[in-house]
Amino acid sequence: MENIRTESRAFLHVNRTIVYIVCIVLALLSILPFWIMFVNATRSTAEIQSGLSLLPSTHMKTNLDVLLSKSFDPLKGFFNSLIISGFSTICAVYFSSLTAYALVAYNWKLRQAFFTFILLVMMIPAQASAIGFYKFMYQLHWTNSLLPLILPAIAAPAIVFFMRQYLLSMLSIEMVEAARIDGAGELYTFNRIVLPIMVPAIATQAIFAFVASWNNLFMPLILLTQKDKYTLPIMVSLLKGDIYKTEFGSIYMGLALTALPLFVIYFLLSRYIIAGVALGGVKE
Amino acid sequence: MRRKSVSYSRFGYMFSLPFILAFLVFSFYPVLYTAVIGFTDMKGVIPKPVHMLDNPFGNFTDLIMHNTSFRISLTNTALIWILNFIPQIGLALLLTAWFTNQRLKVRGQGAFKVLLYMPNIITASTIAVLFNSLFSYPMGPVNSLFESLGWIDAPVNFLQDKTTARGIVAFIQFWMWYGNTMIILIAGVMGINPALFEAAAIDGANGWQTFMRITLPSLKTIMLYTLITSMIGGLQLFDIPQLFLFGGPDDATLTTSVFIYGQAFKGSYMFNKAAAASMIMFAIAAVLSGLLFYLMRDRDASLLKKAQKRIKKAAKAAARGL
Numbered sequence: 001m002e003n004i005r006t007e008s009r010a011f012l013h014v015n016r017t018i019v020y021i022v023c024i025v026l027a028l029l030s031i032l033p034f035w036i037m038f039v040n041a042t043r044s045t046a047e048i049q050s051g052l053s054l055l056p057s058t059h060m061k062t063n064l065d066v067l068l069s070k071s072f073d074p075l076k077g078f079f080n081s082l083i084i085s086g087f088s089t090i091c092a093v094y095f096s097s098l099t100a101y102a103l104v105a106y107n108w109k110l111r112q113a114f115f116t117f118i119l120l121v122m123m124i125p126a127q128a129s130a131i132g133f134y135k136f137m138y139q140l141h142w143t144n145s146l147l148p149l150i151l152p153a154i155a156a157p158a159i160v161f162f163m164r165q166y167l168l169s170m171l172s173i174e175m176v177e178a179a180r181i182d183g184a185g186e187l188y189t190f191n192r193i194v195l196p197i198m199v200p201a202i203a204t205q206a207i208f209a210f211v212a213s214w215n216n217l218f219m220p221l222i223l224l225t226q227k228d229k230y231t232l233p234i235m236v237s238l239l240k241g242d243i244y245k246t247e248f249g250s251i252y253m254g255l256a257l258t259a260l261p262l263f264v265i266y267f268l269l270s271r272y273i274i275a276g277v278a279l280g281g282v283k284e
Numbered sequence: 285m286r287r288k289s290v291s292y293s294r295f296g297y298m299f300s301l302p303f304i305l306a307f308l309v310f311s312f313y314p315v316l317y318t319a320v321i322g323f324t325d326m327k328g329v330i331p332k333p334v335h336m337l338d339n340p341f342g343n344f345t346d347l348i349m350h351n352t353s354f355r356i357s358l359t360n361t362a363l364i365w366i367l368n369f370i371p372q373i374g375l376a377l378l379l380t381a382w383f384t385n386q387r388l389k390v391r392g393q394g395a396f397k398v399l400l401y402m403p404n405i406i407t408a409s410t411i412a413v414l415f416n417s418l419f420s421y422p423m424g425p426v427n428s429l430f431e432s433l434g435w436i437d438a439p440v441n442f443l444q445d446k447t448t449a450r451g452i453v454a455f456i457q458f459w460m461w462y463g464n465t466m467i468i469l470i471a472g473v474m475g476i477n478p479a480l481f482e483a484a485a486i487d488g489a490n491g492w493q494t495f496m497r498i499t500l501p502s503l504k505t506i507m508l509y510t511l512i513t514s515m516i517g518g519l520q521l522f523d524i525p526q527l528f529l530f531g532g533p534d535d536a537t538l539t540t541s542v543f544i545y546g547q548a549f550k551g552s553y554m555f556n557k558a559a560a561a562s563m564i565m566f567a568i569a570a571v572l573s574g575l576l577f578y579l580m581r582d583r584d585a586s587l588l589k590k591a592q593k594r595i596k597k598a599a600k601a602a603a604r605g606l
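Sequence lines, in order, name chains A and B. Residue 183 in the working numbering is what sits at position 183 of the first sequence, and the numbering runs on without skipping anything. Each number in the working numbering corresponds to the 1-based position in the second sequence with 284 added.
Simulated from the structure, these hints should not be mistaken for lab results. It is possible that part of the hints are untrue.
What the hints assert, rightly or not - Pulled from the structure, derived: some chain B residues nowhere near chain A, Cβ distances all over 12 angstroms:
hint, residue
1, S293
2, P333
3, M336
4, N351
5, G434
6, V440
7, Q444
8, D445
9, K446
10, I486
11, M496
12, A548
To be verified - Partner residues are not named here, just some residues of chain B that face chain A (Cβ under 10 angstroms, in silico):
hint, residue
13, F341
14, G342
15, I406
16, F549
In this text the structure is predicted, and so the values were computed from the model without any measurement. All C-beta atoms, glycine included, are put in the ideal place defined by N, C-alpha and C.
Let the hints inform the model, and build the full structure from the sequences given.
Written out as structure tokens, the structure is:
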């Protein structure tokens, strides 16, 4: 008996070692490309071409100067991305919450039909409408405007679905009735009583809506042609163009600058982001 | 008594109105418009009178029968998806089995999860350009790494070879998404009734048996979810192939989305061809979703709804470049 136990313990030990080795290798695989990116942002092009290094060098300033001298304006891109992502996130979570509230709190004739409709709408892939959307916006003279990148967020069926599930489990209709007796209007009740209840769900969905909008390349790429309207992902796409072909240090610097805000946000919120992925995947 | 019964149902309509309007204007109309453009001769930047084609399905038949690029793009999309999905689900399952194993008790799980999920959060376009620089020839970080490890004797031009270029795109997809899949699977395992695991332990099942007989069957729905999201997302693969090699070399990484973008917005302005290609893609997505719904038909309605919700999430994920 004792023998068997030591044997299985030794087995467990070996297993554990394998697990840690694999996990550490994978973690390194996650970090290494970004590490090289940040390190190379501080090295001169000659240094980068002479081989790999994991230690920073001293050419950060030069790389930054070269980068900014060629009409690359990360601040402008950052600002545009921030406006688009910020407003579209607000639109998405506010109107989705409102729609979800309409589905949960009121008993209207078309309620079930509307809900089924929302589920169907979720299946339309983004590219199915891209060409028509572009031509339509072109006719409205809305290309090079930030509005077509913000307003469509009002209809976000997946967020409505999530919010509805949340409201079904969290909202007690007595609270709404109490507010009515106190003379509150319906919209006032929603804004002052229901929205605060929904804050945890809103926070989760807001993170994902923000990141999705921030990382979106396709729509901004087809809609925006003026330089001063470019978002960060478009600016990244320009880094690979001819003007930077030989300036590797500056390319890495540009990449580092555009990725930095997301790294900061991720490490601040990683716990919530990971909890959110899990929640979005399996919530009953 | 001044209380009287009031019907509040009109607020249901009122509060849904913004959603309905935004959907009709920014989604429904554009989809219809795209479908119509697919039957016309609309092309060029300067607006010209647009006519319906004499043979209304001309654009579609042209694409399917005569356009090699389009056919290559469909094959590439499928190939790159399979190359990324199989290792992705395999590794995610392995990690899930380890991280949820009660006897193994892996320490530092939280840190590992944060690090393995990290590539998913960074803009896909940044990752595409970054990998392009990492694999540069003759002197790039990957080439120098492989040389110092003694794996290769001379620098390899990874980006000019069709096989390696396609392989790298699939690898980037895998690398960006296995962490996400893992977290969803782990959450799925946590949702399994612990009594099942206790019963298995009492019956003397070992780790492998428990995983094969209890964990995997209970994860069926979650696995289907992963399959659907990944498949629809894979159909829309854009950022990575577009910015990694612009679809090259020799169309080896040309996906359907890159093809559509190229037709409509890169000099040729063939809106009709692009619209027809979008509709073909839409049809493929619908057929694949229908197929998976058929596979899930025995499940109860809530599972069906969950799946539908997930499909949309996949579409959203695709915007980030799944």
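Task: Distal placement of N351(B) relative to chain A, Cβ over 12 angstroms - done: holds (16 angstroms)
TODO: Could you check if G342(B) really has its C-beta closer than 10 angstroms to a C-beta on chain A?
DONE: violated (17 angstroms)
Task: chain A contact restraint for F549(B) - C-beta distance below 10 angstroms - done: Since the shortest Cβ distance to chain A is 5 angstroms, the answer is holds.
Open item on the list: Just want to verify: I486(B) was marked as not at the interface with chain A; is every Cβ pair farther apart than 12 angstroms?
Closed with: holds (17 angstroms)
Task: Status of the stated non-contact between G434(B) and chain A (beta carbon gap over 12 angstroms) - done: Consistent with the label, G434(B) stays out of reach of chain A, its closest Cβ about 14 angstroms off (over 12 angstroms).
Open item on the list: Over 12 angstroms from every CB of chain A: does S293(B) meet that, or does the non-interface label fail?
Closed with: violated (4 angstroms)
TODO: Say whether it holds or is violated: M336(B) keeps its Cβ farther than 12 angstroms from all Cβ of chain A.
DONE: Given that every Cβ of chain A is farther than 12 angstroms from that of M336(B), nearest at about 16 angstroms, it holds.
- [ ] Compute the least Cβ-Cβ separation between D445(B) and chain A, then decide whether it is above 12 angstroms.
- [x] At about 19 angstroms from chain A, D445(B) clears the 12 angstroms cut-off, so the statement holds.
TODO: Over 12 angstroms to the closest beta carbon of chain A is the bar; see if Q444(B) clears it.
DONE: holds (16 angstroms)
- [ ] Test the statement that V440(B) is away from the interface with chain A: the closest C-beta pair must be farther apart than 12 angstroms.
- [x] holds (15 angstroms)
- [ ] Just double-check A548(B) for me: nearest Cβ-Cβ distance to chain A has to come out over 12 angstroms.
- [x] A548(B) is in fact no farther than 12 angstroms from some Cβ atom of chain A, at 6 angstroms.
TODO: Hey, is P333(B) genuinely clear of chain A, shortest beta carbon separation above 12 angstroms?
DONE: holds (14 angstroms)
Violated hints, listed in ascending order, are 1, 12, 13, 14; each of the other numbered hints is respected by the structure.
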